[in-house]
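Order-wise, the sequence lines are chains A and B. Here our numbering is used: the first residue of the first sequence is 132, the next is one more, and so on. Here our numbering is used: the first residue of the second sequence is 132, the next is one more, and so on.
Just so you know, the hints here were simulated from the structure itself, not pulled from any lab data. The beta carbon of each residue, even a glycine, is placed where N, CA and C say it ideally should be. Take these hints with a grain of salt, some might be off.
If you anchor each label on the Cβ, the simulated ranges turn out as follows [said to hold, decoys possible]:
| id | chain 1 | residue 1 | chain 2 | residue 2 | range |
| --- | --- | --- | --- | --- | --- |
| 1 | A | V448 | B | R254 | 47 to 55 Å |
| 2 | A | G259 | B | G445 | 52 to 60 Å |
| 3 | A | K456 | B | E148 | 57 to 65 Å |
| 4 | A | D469 | B | R254 | 40 to 48 Å |
| 5 | A | K296 | B | R254 | 34 to 42 Å |
| 6 | A | A258 | B | E148 | 32 to 40 Å |
Protein chains: 2
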Amino acid sequence: MALIVQKYGGTSVANPERIKNVAQRVAKFRAQGHQVVVVVSAMSGETNKLIALAKEISPSPDPRELDQVCATGEQVTIGLLSMALKEIGVPARSYTGGQVKVLTDSVFTKARILSIDEGNMRRDLDAGRVVVVAGFQGVDADGNVTTLGRGGSDTSGVALAAALKADECQIYTDVDGVYTTDPRVVPEARKLDAITFEEMLEMASLGSKVLQIRSVEFAGKYKVKLRVLSSFQDEGEGTLITVEEDRNMEQPIISGIAFNRDEAKLTLLGVPDKPGIAYQILGAIADANIDVDMIIQNVGHDDTTDFSFTVNRGDFVKAQGILEKVKVELGARQVTGDHKICKVSAVGVGMRSHPGVASRMFKALADEGINIRMISTSEIKISVVLDEKYLELAVRVLHRTFGLDQPV
Amino acid sequence: MALIVQKYGGTSVANPERIKNVAQRVAKFRAQGHQVVVVVSAMSGETNKLIALAKEISPSPDPRELDQVCATGEQVTIGLLSMALKEIGVPARSYTGGQVKVLTDSVFTKARILSIDEGNMRRDLDAGRVVVVAGFQGVDADGNVTTLGRGGSDTSGVALAAALKADECQIYTDVDGVYTTDPRVVPEARKLDAITFEEMLEMASLGSKVLQIRSVEFAGKYKVKLRVLSSFQDEGEGTLITVEEDRNMEQPIISGIAFNRDEAKLTLLGVPDKPGIAYQILGAIADANIDVDMIIQNVGHDDTTDFSFTVNRGDFVKAQGILEKVKVELGARQVTGDHKICKVSAVGVGMRSHPGVASRMFKALADEGINIRMISTSEIKISVVLDEKYLELAVRVLHRTFGLDQPV
Chain A
132 MALIVQKYGG TSVANPERIK NVAQRVAKFR AQGHQVVVVV SAMSGETNKL
182 IALAKEISPS PDPRELDQVC ATGEQVTIGL LSMALKEIGV PARSYTGGQV
232 KVLTDSVFTK ARILSIDEGN MRRDLDAGRV VVVAGFQGVD ADGNVTTLGR
282 GGSDTSGVAL AAALKADECQ IYTDVDGVYT TDPRVVPEAR KLDAITFEEM
332 LEMASLGSKV LQIRSVEFAG KYKVKLRVLS SFQDEGEGTL ITVEEDRNME
382 QPIISGIAFN RDEAKLTLLG VPDKPGIAYQ ILGAIADANI DVDMIIQNVG
432 HDDTTDFSFT VNRGDFVKAQ GILEKVKVEL GARQVTGDHK ICKVSAVGVG
482 MRSHPGVASR MFKALADEGI NIRMISTSEI KISVVLDEKY LELAVRVLHR
532 TFGLDQPV
Chain B
132 MALIVQKYGG TSVANPERIK NVAQRVAKFR AQGHQVVVVV SAMSGETNKL
182 IALAKEISPS PDPRELDQVC ATGEQVTIGL LSMALKEIGV PARSYTGGQV
232 KVLTDSVFTK ARILSIDEGN MRRDLDAGRV VVVAGFQGVD ADGNVTTLGR
282 GGSDTSGVAL AAALKADECQ IYTDVDGVYT TDPRVVPEAR KLDAITFEEM
332 LEMASLGSKV LQIRSVEFAG KYKVKLRVLS SFQDEGEGTL ITVEEDRNME
382 QPIISGIAFN RDEAKLTLLG VPDKPGIAYQ ILGAIADANI DVDMIIQNVG
432 HDDTTDFSFT VNRGDFVKAQ GILEKVKVEL GARQVTGDHK ICKVSAVGVG
482 MRSHPGVASR MFKALADEGI NIRMISTSEI KISVVLDEKY LELAVRVLHR
532 TFGLDQPV
């Protein structure tokens, strides 16, 4: 007998029919003798509907009240799912974040979980009940309703699994696992049986939007065994996200090829090479609330250096305007930029122990005549910036180069 | 400076525009120096939508989970109204029933309020904030969300007013007060400036659906000054519902003419006249969950008696079937019935001190050739059952007979 936390996202509980399906799936696990805690999101579209209502009242709604409103989406789902479970003879009880209670700080709309009281849940589990918890929400020390921010239900699931020391946290979504790359670009893309937390973090932040990144960090920190599964398939083991040592298989060098086409790059040329310039440039960008992704500064020459970074494509024009002012302040030579670029990354913990991965990657791209515009590396990933037109070609070439289309 | 509890129903908060209007009205009272606690219902239609969702999951949804789901309707409204208040510069804070806390028993879907903690509300009021409370809901001793049943928001408003010893509880609705009768039947119907609790109870149960009857009982019990007002008009004092002694005006004999066209009558003829027959007849009807309104048993003769009662027209056929069985069991002679009847009542505390009201009523009806089928009286009302076709005529005649079309 195991204790399993299952999290179902908005599309999995989008209507009464699907909620009944989730109930059947939960019942199946319970019939196998497992204890089950279910975490659910709002029915898909509901949270957006509530936010739209709030925006009709106020262009920037009061955050406490916005949380009061938005938390109702999940509250509806827990009630409906518990009804559905009881309807098929499975004892169940629903809990809001406050009823659990999931104690958070008071940063409304993006609260952080401080602690979870397992008392109520444990009592129900021991009594043979399925516990159904509203994801995405908690309550602060004063009893105010808080929410964890978009996608926070994944984090709720992992946090509950950590608090209950669950044997596994299963995240049900509309894909059946994590793939070596996007199957829409590479039809041969293969579902991974396992991936490490670090790889998952690099994959997620690079655009493979399967799991909320905070939940993966959380799971890594608290050693929660995390599994991504499809709620629309009855079979399949999904992808297990785990610590490196637990991956019981021949370790691949590269686990996946991630990519992001929504990028733009900006360069400040001829920046006087002295301490503090990185802060002066990026401080101005951050002040304008623009997220920066890659940052590259190469060695200088003639007492000047070139400074490049990438931003979301939507922020390109705004960032360019800021750089023009910074150029004058710093006495730099020129601002250049390109918003028709993409980023392609090879991710894998295996590269730590296998030298030559970078050169294999660069050779494969060169053989196809693809020019690399920028390079950035971390411990377990190599990212290149390319002209946007090469995106699909580069992903396919790299997927094949590292043997990702072959069975393990 | 007064402490006022205002309750706004579903049509008053049906959409963001109306919620903004409510915020303006609240702001006006606050600007006059009053402390204001606002109780709101779900936006109109929302509760029905939630119940429909639940019914798709289960034909008879688990009551605890149904309350968990339905309570979200009011939670959305309190958040939106608080946002709207802050948007126009009025400090406000929303509270669910559990946050207040409104402690109830654990009878889900029709819980009764046990106590109200005024601490949080008082602190906010003292800090100059408007307190916005979700009507219709509370929390039991175990922290389960409960609801008070349909129309329970009125009860919430009155209970909060009682707990806070508010100077007045204002119920905003889509009518501007309580009328001498339905203006759709009698265009000369006049708004009453004041009515006693007892009269209001008789009027409400007789079909003038302005206030939930439980809230009137509650207000009477705790001596809460209750006022019904329109949320769609800026002027007007509405109707004050008060104890008899407080009514500062010449007391009318009759305050209003109530009526109900949704009735059917059933009679068991030739029932052996012995102890226990009333119970044997009505017990069988109650067991079938049929509400009985009027009950009439006249003196018997030849050791038998006739027993009549009225039910909702929708229950007529079912009740008839039950009576046929009871007839055999009791050895009664015959079951008769009529589902084309109506009930018309004259209500007024003044009849206690004015003899002859009944005979004036019967004469007025006789003068129009209206045959009375049944009569039932209480301390402050006289009800007659008539053929349905006479309803409008009877109401108009009685309204004029008792001078209700004349200014006080």
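Discussion item. For each hint given before, does the structure comply? Return the numbers of the non-compliant ones in rising order.
Written reply: Hint check: 2, 3, 4 and 6 fail, others pass.
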